[in-house]
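Asks: Whenever a hint applies, use it, and build me the whole structure from the sequences.
If you read the sequences in order, they're chains C and Z.
The numbering of the first sequence is my numbering, which starts it at 459 and goes up by one.
The numbering of the second sequence is my numbering, which starts it at 459 and goes up by one.
The hints are simulated quantities; they were obtained by calculation from the structure and are not laboratory data.
Check each hint, because a few of them may be wrong.
One copy or two, it doesn't matter: identical chains are merged, so the pair holds either way.
Stated by the list, open to error - Simulated crosslink set (DSS-like; lysine-lysine; CA at most 27 angstroms straight-line):
1. Lys593 - Lys524
2. Lys555 - Lys818
3. Lys790 - Lys555
4. Lys549 - Lys790
5. Lys555 - Lys524
6. Lys745 - Lys856
7. Lys652 - Lys524
There are 2 protein chains.
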Amino acid sequence: MAQTVLKDFDLNIDYPNFAFEVTHVCGQTGARTGVIKTPHGTLETPNYIFCGTKASIKNLSPIQMKEAGTDIILANTYHLMIQPGAELIQKIGGLHKFTNWGGPMLTDSGGFQVFSMGHGTCADEIKGRSTGAKKENLLEINEDGAFFRSYLDGRKLCLNPETSMDIQRKLGADLIVQMDECTAYQVTKEYTAKSMEMSMRWGDRSLRAFEKSHDGTQGLYGVVQGGVYEDLRKTSADYVASRPFFGTAVGGCLGGSDEEMFGILDWIREINHPGRPVHFLGIGRMKDVLNGVAYGIDTFDCVMPTRIARHGMALMKGHPNERINLVNARYKDDPEPLDPTLDIPCSRDYSKAYIHHLLKAGEMLAFQILSQHNVAVINRLMRETRKAIQAGTLDQLKKDYAVE
Amino acid sequence: MAQTVLKDFDLNIDYPNFAFEVTHVCGQTGARTGVIKTPHGTLETPNYIFCGTKASIKNLSPIQMKEAGTDIILANTYHLMIQPGAELIQKIGGLHKFTNWGGPMLTDSGGFQVFSMGHGTCADEIKGRSTGAKKENLLEINEDGAFFRSYLDGRKLCLNPETSMDIQRKLGADLIVQMDECTAYQVTKEYTAKSMEMSMRWGDRSLRAFEKSHDGTQGLYGVVQGGVYEDLRKTSADYVASRPFFGTAVGGCLGGSDEEMFGILDWIREINHPGRPVHFLGIGRMKDVLNGVAYGIDTFDCVMPTRIARHGMALMKGHPNERINLVNARYKDDPEPLDPTLDIPCSRDYSKAYIHHLLKAGEMLAFQILSQHNVAVINRLMRETRKAIQAGTLDQLKKDYAVE
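Replies: Written out as structure tokens, the structure reads:
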């Protein structure tokens, strides 16, 4: 760690308007329930943060998100700095006012998207994205930060710890994330180590930049990097726990299988600061939630619920694939609703035949119905997960959801 | 009228579950208020029927339509017979059950769309459509009916009075419309006369077909045709008034100017059956409503409110153009909502800057917000119009809406 030995950190940061309280720990699984307090409201954990990338959950209004039982959403710094720009959102009164989402909100650092341009991270595998077209936009990554071109107008932009903190300050979400580099699956251990060390230095720069304009309205998460390497993950987790972050986020490459992913969580769970909420960046299939809570994960996020809706898919509790595809001809004359046990019109009142028809006819209402249904299914999963942790019945709940 | 002399009509048709009551007639303008009773509820008139072409109001759920103050919607027979087919909708329980719209509903005859394929009707001018690509799908129009190919799979289909009644019966809307031919602006008076006469014969065939399976759940409208020719319009109106229709619809070519259009309404207003509701097919700008009620129009319909929303436009009360385009850069940082005097979140809670951002970023939520706003603006217009007719203040209301 030649260049990378971190100096002792001399800043202390208080988060007077934030709190995280663990309300129960399951003796068998280690899963926990808790409460995160933010200036825009309190949420019980485990919970799910829905992705409103460009300051909008795709096809759903804040009212519909609330109807579906949502507690917290996120928006992406990278997309918003490009369009419409952080200054504009600040001028309108910040993300809460801009979007009309009055509840707790998170923004990420923007780093994930920038680095995805370069080499393709695990997320491209996890999320099924191709990066070819984006490569030319990434100009340079160095100790200072990442330099890239706007996909909109070719402007040269920089994301580094200072600009990321500045942009996230202007956006005004409750929970924000340090600038880090997100490494790819195929890179060497040596590259991963160097990158992780830089992320630590960027963590300190993020904290210093954050502290300068800290007014108590935001809580900062540190990010555990280190790829699929146990020693690196542990070093990174040690670092995050040693610094005055409000929360711990787990990011970067999580391997190529569920075993590797949960193995990584297992390495760091005892190192993570026990008094801070742990967020699992970008992960959120139903089985990830039901397995992840046993590794101390408190919050999840993923674009999956609304993204699969735009491909005609509905999440189904207890289905071995978690989902069904309403475009399938088998639903053509199916009079049954998606899930009559969910007390919300999207799940209870429309027949599968109607949703199939809307999809075949290109009617946008299909995406609204399926998106809201998927969000409602996830929020029920989170309610049931919290209840099962407290009742010690997580194993039964996993069976109910057909999760091994 | 050689071939066309109509025999005396020997059928009487009762509509025991329907009623139309005129509640007030304005002494100055002749505009009237009324109540239409249907098996799925009662609506006050003048009112506006929103277009849910393929059994869905574009981008809006039935709940959102209700929130925006909607009393009645329509669906298009032509589109639904092709996809998903009337039999399927009947199997699921009819349009009300299929769509979850529990209120009053209308279907048209399907003729309008079929004939639009052939020569382009006035509607193409009014509605800005091109017909070139559709022409090849129209195979033949003769006394029996119209033969055309499905745009979906090339199947040969027939719409005639009997099939139109059968399909509309299966769809199950409350208000349905006789099969008629809709003539184009550029056709001769001779063609218009022959067509109008055929529409009269088709009216009688529609009534006979309707009566055979009449079970009291549907009310049939006759259609006044005759293009821009006074004698033809009057003959057609005479015919419709003489037959046991529940309502009168005004269709066909309405000329090239507002003067011609309202002139046509003026010719027939004294001939229309005074005890029946009068529907103006496919017409519904705000100024058309405010002017049309003075010619005895009770209901309007137009795709405009939701169609212009998909082009980024919001209806504005009192604006000389009736609408503004939120894509325009002038709204980039406009913190004001669309209309804070409308007590609905879409109009009251989102800044124009946010809607502008959603449109520029390609976020579908924009269309949901704008569509619901436009529907809410029209429904307020209808409430205010009814009130103004009863108070004798229609002229003042027209000034409030900047209508000459």
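Asks: Measure nothing new, just compare the shortest in-copy and cross-copy C-alpha distances for Lys652 and Lys524 to 27 angstroms and report within, between, both or neither.
Replies: neither (42 angstroms within a copy, 58 angstroms between copies)
Asks: Can you tell me if Lys593 and Lys524 fall within 27 angstroms by alpha carbon in one copy, between copies, both or neither?
Replies: neither (37 angstroms within a copy, 47 angstroms between copies)
Asks: How would you label the pair Lys745, Lys856 (within, between, both, or neither) given a Cα cut-off of 27 angstroms?
Replies: within (8 angstroms within a copy, 60 angstroms between copies)
Asks: When no copy is specified for Lys549 and Lys790, does a C-alpha distance of 27 angstroms or less occur within a copy, between copies, both, or neither?
Replies: Between copies only: 11 angstroms across chains, 48 angstroms inside a chain, cut-off 27 angstroms.
Asks: Within a copy, between copies, both or neither: which one fits Lys790 and Lys555 at a CA-CA cutoff of 27 angstroms?
Replies: Answer is between; shortest inter-copy Cα gap is 15 angstroms, intra-copy 42 angstroms.
Asks: Between copies, within a copy, both or neither: which fits Lys555 and Lys524 at Cα up to 27 angstroms?
Replies: For Lys555 and Lys524, both the intra-copy (16 angstroms) and inter-copy (26 angstroms) Cα distances are at most 27 angstroms.
Asks: When Cα atoms must be at most 27 angstroms apart, do Lys555 and Lys818 count as within-copy, between-copy, both, or neither?
Replies: Answer is between; shortest inter-copy Cα gap is 19 angstroms, intra-copy 36 angstroms.
Hint check: violations occur at hints 1, 7; the rest are consistent with the structure.
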